[in-house]
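One letter stands for each residue in the lines below.
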Amino acid sequence: MVMKQKLLAMLMILFFVFSLAGCAGSSDDDQPAPEEKIAADLAGTTLKVFAAYDGKDEIFQAFEADTGIKVEYLDMSSGEVLARIRAEQGKPLGDIWFGGGVDSFIAAQIDGLLESYLSAGAEFVPAQYKDPDGYWTGISLVTVSLIVNTDRCAELGMEVPQTWQDLLKPEFKGEILMPNPAISGTAYTILSGILQTMGEEEGWAYMDQLNAQIPYYAKRGGEPPQKAALGEVAVGLAPDTGEELKADGYPIVSVFPRDGTPWWPAPVAILKGAENLEGAKVFVDWCLSEKGQQILRDNCARVPAREGIELPECLSEIKDAELQDIDFVAAGNARDGLVEQWQTRYGQ
Amino acid sequence: MNSGRPGMVNKFKEGGPFKGTSFSDLLAGLIYVLIAASVLVFILWPSITIIVKSVYYDGQFTLVEYIKLFTQNKQLLLNSIFVSVVSTVLAVAIGLFVALFISHSQNRGKRLTFAVLLLTMISPPFVSALSYIMLFGRRGIITYYLMGLTVNPYGWHGVVIMQALSHASLAALIILGVLRGIDKSLEQASLDLGADSLKTLLKISIPLAKPGVIAAALIAFIQSLADFGTPAIIGGNFSVLATEAYMNVIGMYNLPRAAAMGTLLMIPALLMFIIYRRTVENSKYFSLRVSTESPLKLSRGVNYSLALITISFISFQLIQYITILWGAFAKTWGVDFSFSLRHIQAVEASRLAAFGRSLEYALIAALVGTLLGMIIAYMIERKKFPGYRILDFLVTLPYMIPGPFLGIAYVLAFHNKPLILTGTAFIVVVNCIYRQLPISTRAGTAVLTQLNPETEYSARDLGASEITVFKDIILPSLKPAFLLGFVNTFTTTMTTIGAIIFLVVPGAEVATVQMFTTIKTGQIGVSTVLANMIILVTLAINLVFSYFILRSPKYGGSEKREGAYVPAIDGIK
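Top line first, the protein sequences correspond to chains A and B.
The numbering used here applies: residue -3 is where the first sequence begins, and numbers increase by one.
The numbering used here applies: residue 18 is where the second sequence begins, and numbers increase by one.
Calculated directly from the structure, the hints in this document are not laboratory data.
One thing to keep in mind: the hints can contain errors.
[What the hints assert, rightly or not] Simulated crosslink set (DSS-like; lysine-lysine; CA at most 30 Å straight-line):
id: 1; chain 1: B; residue 1: K348; chain 2: A; residue 2: K52
id: 2; chain 1: A; residue 1: K169; chain 2: A; residue 2: K242
id: 3; chain 1: A; residue 1: K52; chain 2: A; residue 2: K287
id: 4; chain 1: A; residue 1: K242; chain 2: A; residue 2: K52
id: 5; chain 1: A; residue 1: K315; chain 2: A; residue 2: K165
id: 6; chain 1: B; residue 1: K348; chain 2: A; residue 2: K242
id: 7; chain 1: A; residue 1: K87; chain 2: B; residue 2: K434
id: 8; chain 1: B; residue 1: K434; chain 2: A; residue 2: K268
[As the list claims (entries may be wrong)] Covered stretches of chain A, as calculated for chain B (at least 3 residues, CB under 8 Å):
id: 9; stretch: 70 to 81
id: 10; stretch: 173 to 183
id: 11; stretch: 225 to 233
id: 12; stretch: 239 to 246
Only a predicted model underlies this, so the values are computations on that prediction, with no experimental measurement involved.
For glycine and all other residues, C-beta sits at the position ideal for the given N, C-alpha and C.
Produce the complete structure using the sequences and hints provided.
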């Protein structure tokens, strides 16, 4: 418990520092650190990536420009990747697994489907965001937010909800959408985050009340924010701040629940049996390098995993939010049981 | 090219190597054996690997998943059957009326109706559900903006409506193929004997179309059993076995339970198949002459009723497509409906590669798969060699397995020795071919059951080889079935994602994967643009293909033009 609190404290300090750094702005942006030494014979090789990350095209182009290694990718959700590499039994048709839910990575690690690699850059990634043996390493933090339709809220005569408790107000009955934890990493993180921070008993009591507000559980992670944008519901829970939808002109705002924002690290991992193993290592190095982290951040608005990288602008509010203190390995191990329990309570 | 039956390609006719020789029959035999073997390899073998996963895991044999299913999840199975029965009845009824409208009524707009049917075959998964929500959601164009209602569109009713509508088009095309082939002289005889047009329609035409109706019912029923997408998106709290199975694979990582659920789905599917087989075997109406025009002059009442149903169906479908089209050009759907090109501009040129790949896969799958389906239909209906019923069942099997399972089954079956095929474009195309085989085979057998085999016997007696018989007698009669098989395989390969996502490799992305990605990230505008691109390309190819296939030589099929259609088909390979 003490250990956890320490970690939380560290985390808070970290974000404080990030945000300060953000305000101060930095001057040495123009000189990318030449920390990657790329073996010449890897240039021209191809790396095959299963990816669940926004801004992939730009990110992989930048990687190719830096290293000469060409990236071919396939967009797949983490559940699909896990089902696929399990069926491929250690002979994957890809080298890298890029982004997604950490629980899938932990499950794959347990099955022996990942290759361990301790990148030099992993040193700068706090322990809570990575596997100590290097089977997976966090590249960014996914933070859960409430995507709130302001028009719908006004119709209901409600203020924009700011906390988990706000969601329980009677006016929001039938107006809150979240995915089914069985299918969505986002929803599972919410569930395990609430249970871990509120404690089992209080946590389930809260989930019971929340369940009464939810018309049904979405079976795709992308559905709740979309439905909130269209005004089908007032609030959709999402693993991002809905920047695409905001840019499209939908009347939505994103809110990090002030009484505890669930989050998880989105990892990168090398698949066991990767054909281009050396290229894959270069890729992991690049993702964790200062420059790589900046490119990831610029193309997908998330909190960078590496210390000392500025936050993307749209996430500046995260410094006011309280990140939940979540033990991911414990959450990963408890997953089957919790999901089962959830199913029997609310699933039918 | 100069002689021969209309609309035929007689490449080998004169002096070809296959002319009535026993060598030719040997070759035909060899083709049958190879095709039967391929069905074993690409259907039976992967199906077994996935079924085995449900009873044998962690190193031991167990039935625990099945026991759990029957004790805890019986409701899911009942839900599946309920939804499938209701949506099948609706789909087949609509399909029958629309088909009768095209084949028998005196109304105008039959060609247009046919073209719209081809359009409505194309409903990219998730997009049609999205349009349903855009139209009938709590903020839907129709329910909210036009009628001022706030209704809850989520539940079993939404699933039934969406499935019935999307399966009705296919049902109509299958029934139409059979209606076109029925012997119109029987209708004439009925009229001559004093029956009125309605009675003739009910007592002669529709019973003659029974093989088509039952085939359409079989396909709609199985398709709806295995459909996981529609209930996932608009089912709300209502769930079915296929959806839960999908969630067990992708979400709970529980392949054994998912495989058990998938296997369980086969029981109702198998029952339906037995009913289908019985009905088909009992239908022994043969037509001797095939004429396209029916002598029936339907009464005004019947005419208008058919027209009314068809027009309602067609308009409902068209509204959906207009919504999708509008979504691509609306500035911000639901907020600002003004015209804008920004979504189209947001589509990068880099996506075209995936488009080209989709087209290539779909064309190969459609041509090869449909031909394969026709030959198998011939084998089942005419050769009736030992075990033909098993072959018939096997061919139907891939449809009973929800898409993602078939994808995983293919990985399990073809990722290791002796057959390592994963990672190739070949296996992607093969998966698309065999998954859609049930449709072309079913359409083919439906037509063949009502085709009198006498002509074939006579040709054989006159010395024609088996290949000649197939090529010159069977294939021409199968034209409508061939068209249907092509359109269906082409369309599904262009639009579905379920199985393919497990088989394509990074760098070989196809168009639907991209569209799906944009839907996942919430870009409603861009995803509708991609959906429209897919719809337009698919529709164009389908129309061109139907034009070449359906163009009857009677209507100006001169020698020259006939020749032109051969390279047209060769050219698109």
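Now for the hints, and whether the structure bears them out:
The straight-line distance between the Cα atoms of K348(B) and K52(A) is roughly 25 Å, inside the 30 Å bound, and the hint therefore holds. Proposed proximity of K169(A) and K242(A) is supported: the alpha carbons are some 25 Å apart, at most 30 Å. Of the pairs offered as hints, the one joining K52(A) and K287(A) holds, with about 16 Å between alpha carbons and a cut-off of 30 Å not exceeded. Distance check on the hinted pair: K242(A) and K52(A) sit about 20 Å apart at the alpha-carbon level, within 30 Å; holds.
About 26 Å separates the Cα atoms of K315(A) and K165(A), which keeps this hinted pair within 30 Å; it holds. A C-alpha spacing of about 13 Å is found between K348(B) and K242(A), which places the hinted pair at or below 30 Å, so the restraint holds. Proximity of K87(A) to K434(B) is assessed by CA-CA distance (about 12 Å); at most 30 Å being required, the pair is judged to hold. For the hint linking K434(B) to K268(A), the alpha-carbon distance of about 19 Å falls within 30 Å, and the restraint holds.
Given a C-beta distance limit of less than 8 Å, the hint that chain B covers the stretch 70 to 81 of chain A holds, as 9 residues qualify and 3 suffice. Only when three residues or more bring their CB closer than 8 Å to a CB of chain B does the claim for the stretch 173 to 183 of chain A stand; here the count is 4, and the claim holds. Restraint check on the stretch 225 to 233 of chain A versus chain B: 5 residues with Cβ-Cβ distances below 8 Å, three needed, restraint holds. Given a C-beta distance limit of less than 8 Å, the hint that chain B covers the stretch 239 to 246 of chain A holds, as 5 residues qualify and 3 suffice.
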